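Asks: Given next are the chains, with one letter for each unit.
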Amino acid sequence: MNGGKRKWKALIVDDEELARKLLREMLSSHPEIEIAAECGNGMEAVKAAGEHKPDLLFLDVQMPKLTGFDVLELVDRSGVATIFVTAFDQYAMKAFDVHAVDYLLKPFSRERFEAALERAKTQEGRKQVDAAELAAASRPAGQYAERIVVKDGTKVSLIAVNKLDYAEALDDYVSLVSEGKKHLKQQTISGLELALDPAQFVRIHRSYIVNLERVARIEPYGKDSKVAILASGARLPVSRAGYARLKTLLEEKQ
Amino acid sequence: MDRSDIGKSAWAAIGISGVLFAAIMGILLVTRWGMNWLAAVTLAIPLSAVAQGMAWSARFTCRGNPLVRRDAWRTVLTHLVAAAVSGYLWVGIGRMEAAWIDSGLGITGTYKRFLALQTHLYGVGISYYLLGVAFHYMLFAQRASQEAQERALESSVRAREAELSALKAQINPHFLYNSLNSISALTSIDPARAREMCVSLADFLRLTLGMGEKAVIPLREEVSLLEKYCAIEKVRFGERLNVQEEIQEEAKECLLPPLLLQPLFENAVVHGIAQMPEGGWIRLRAVRNGGRMSLTVENSWDPEAGSSRKNGVGLRNVQRRLEARYGNEGQLHASAEDEVFRVSLSFPAETEKTT
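The listed protein sequences derive, respectively, from chains L and C. Going by our numbering, the first residue of the first sequence is number 1, and it counts up by one from there. Going by our numbering, the first residue of the second sequence is number 1001, and it counts up by one from there.
Just chain L, same shape as in the assembly (with noise of 0.2 angstroms):
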C-alpha cells in the first residue's frame, strides 16, 4: 500500500479462452488492476500463483486435471482474494454459500462483476477458508474424494486414493506415503479425513490416518497400546480410541 491508489495482481484461470476474455474485457475498466496471467488449466494457474503472488484470483471449477478447488489446495492463499467462476454446479454453489466465498455464475451481468470485484477487495485480511473443507462440502453427500492433489516443490502430482498407504500429520503439514514414496502436503489431518471414504480410511490416532486395505495385522505394544503393521512393514501407533474405531469398521466388514 503505497500511499494513492492499491494495485492489484489478478489472475485468471478458466479452460475456455472465451470465458478467460469476457473477465479480462471487464476488468480493462479497472486501471487498478493488472491481469498478471491468464491460465487455461490447473497445473499453469498453481505455477503462475507462485510466479506472480496474485492478490486476486479469478477462478473457474470445472478443468481438467485439476479442479479449482484442488487449485485452491496447492497455493498460497496468504493475502489472495478467490472468486469463484462457474456454471451451474449445485453442489459448488452449495458449499460457496456456506463458506460465504464468493462467487460468480456463468453467465454473468457487469454489475455482478463489480460487486464480487469490491467485496473481493474489502474482504482481504479476512480470515481464510480451508481450502480442503471447501472442496469436502462440494461433494454430494456420501462422495469422497477419488484422488489427492500434491504439491512436491513445484512439481503438482495426483495420488489416487486407493493408493494411499496411510498419513501421518506433521506440524503444518501432513506426510502422504504411497507406493513407496512419501508427500508432503500442507494440510491438517482432519482436513484430509474429511476428504476421504470413512469405510476405507480410518483415524488409528491423532497424528494418523491408515488405509484399511493395507493393515496386515494388529499386535498389542506395552501396557495399553496397540501397533498396526501395514503389508509394507511400516508400524503405526493405534491409540485406544482409534483401536475401537478399528475394531467396529472391521467387524462390519465382516
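Since the hints were made in silico from the structure, they are not lab data. Every value quoted in this text rests on a predicted model; they were computed, and no experiment measured them. Careful, some of the hints might be misleading.
[What the hints assert, rightly or not] Residues from chain L shown here face chain C by an in silico Cβ test under 8 angstroms; the list is partial:
id: 1; residue: Glu16
id: 2; residue: Ala19
id: 3; residue: Leu22
id: 4; residue: Lys65
id: 5; residue: Ile83
id: 6; residue: Ala87
id: 7; residue: Pro107
id: 8; residue: Arg110
id: 9; residue: Glu111
id: 10; residue: Glu114
id: 11; residue: Gly233
id: 12; residue: Arg235
id: 13; residue: Pro237
C-beta: ideal position from N, C-alpha, C; glycine also.
Got chain L; can you put chain C on it based on the hints?
Replies: Same frame as chain L, but now just chain C:
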C-alpha cells in the same frame, strides 16, 4: 409355472367340482340304477375324490405337451392313452370298492349293479380326464396371455421412462449456461459470431424439442443435430475439439430412436475433451451391413482424469432405449482401451420404406 401356482382358488375349484361330481353320481346311482343310497354314497365320494386327482394330474401331461402344431399327433395320442389308462384305473378302483361294499358292508347286489354300468363308467372316467386336459390348457393359455400383456406394458413403460430422462438430460444446464457465457463474451469481442452462436443454439434447441415427439428418425437428421451440437461446443473449446464423421451413404436413411447418439457425444465432450488440457477428438462411424446397423462413437480420453461423474447414467439410458425399441436385437457395447473410449451400437436396419 410351477407347483407354487396351485393357489387357493385352484383348491376351491377342486373342492366344488368334487362335491358336485359326488352328488350327481350318487343321485344317478340311486335313481337310474336302483342302488341302495348308503352304497351309492360310499361309492360316489371316494370315486369323486379319485376323479378330481385324475383330472388334476392332467396338468402334468399338459405341461409336458404344450400346444404346438409341430407335435399335434403326439400330443393327442399321449392324452388319449393317459385318458384310457386313467379311466381303466378309476373303474378298477370302483369295482374293488363295490366288492368291499358287497361283502364288508353287507349291502348285497352292489357289485352286480356296478358291473352292469361299468361301460358307462369307463366313458365317464375318460371324459372327465379329457375335461381336465381342456381345463389346464385353458389355464395355461390364460396365464401366458396375461404374462405377455404384463411384458408389453412393462416395455412400454420403460420406453416412456427412457424417453423422458433422455429429454431431461438433453437440455443439460451446464451446456446451456456455458453456451450463454460464450455468447456473453462474444457480444463485445465478435458480435457477428455472437449472433451466429445464438442461431446455432436456437436451431439445436428447436431440433431437440421437435425430435422428442417422434418414435424414430433417419440417421441423417440425428447427424445434423450432432453437427449443430458440435458447432456450439466448438465455440467454447476452440482447437481443443475435433470431430470426424465417417457415414456410409446407405446408412443415412436408416432409422433410429431420436437423440440416441447425442448423449454419447455429450459424454465424449464432458468426460473426454473437457478433461484434457490439450483437447482431443470425437469420431462417429455409421455402417449398414445388410440387415444390421452399426454405429460407433469414439473419443480420446484420459484414463487418469478420473472424472468424478462417470458415464454410467447416460450410457444406461441409451441402452434402455435400444432395448425398449429392439428388445434383444439391440446391443450396446462400451469399452475403454488405452486412451480411447468407445461405444458401439448395433440394431436392425430399418428405413421408411420397410416399416
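Asks: Determine for every hint whether it applies to the structure shown.
Replies: Hints, one by one, checked against the model:
At a threshold of 8 angstroms, the smallest CB-CB gap from Glu16 of chain L to chain C is about 5 angstroms, leaving the interface hint in force. Look at Ala19 of chain L: its Cβ gets to within about 6 angstroms of chain C, closer than 8 angstroms, so that hint holds up. A hinted interface residue such as Leu22 of chain L counts as satisfied when its beta carbon comes closer than 8 angstroms to some beta carbon of chain C; here the least separation is about 4 angstroms, so the hint holds. The closest approach between the C-beta of Lys65 of chain L and any C-beta of chain C is roughly 6 angstroms, which is under the 8 angstroms cut-off, so the hint is satisfied.
Checking Ile83 of chain L against chain C: minimum C-beta separation of about 15 angstroms lies over 8 angstroms; hint violated. Because the closest C-beta pair between Ala87 of chain L and chain C is about 4 angstroms apart, less than 8 angstroms, the hint holds. At about 4 angstroms, the closest approach between the beta carbon of Pro107 of chain L and any beta carbon in chain C falls short of 8 angstroms, and the interface hint on this residue holds. The interface hint given for Arg110 of chain L is broken, as the beta carbon of that residue sits about 10 angstroms from the closest beta carbon of chain C, more than 8 angstroms.
The restraint placing Glu111 of chain L at the interface with chain C is violated, with a minimum CB-CB distance near 13 angstroms, outside the 8 angstroms limit. About 15 angstroms separates the beta-carbon of Glu114 of chain L from the nearest beta-carbon of chain C, more than 8 angstroms, and the hint is not met. Nearest Cβ of chain C to the Cβ of Gly233 of chain L: about 28 angstroms, over the 8 angstroms cut. The hint is violated. Interface hint status for Arg235 of chain L: violated, as the beta-carbon distance to the closest one in chain C is roughly 31 angstroms, over 8 angstroms.
A cut of 8 angstroms between beta carbons decides the hint on Pro237 of chain L: the least distance to chain C is about 32 angstroms, and the hint is violated.
Checked against the numbered hints given earlier, this structure breaks hints 5, 8, 9, 10, 11, 12, 13; the rest are met.
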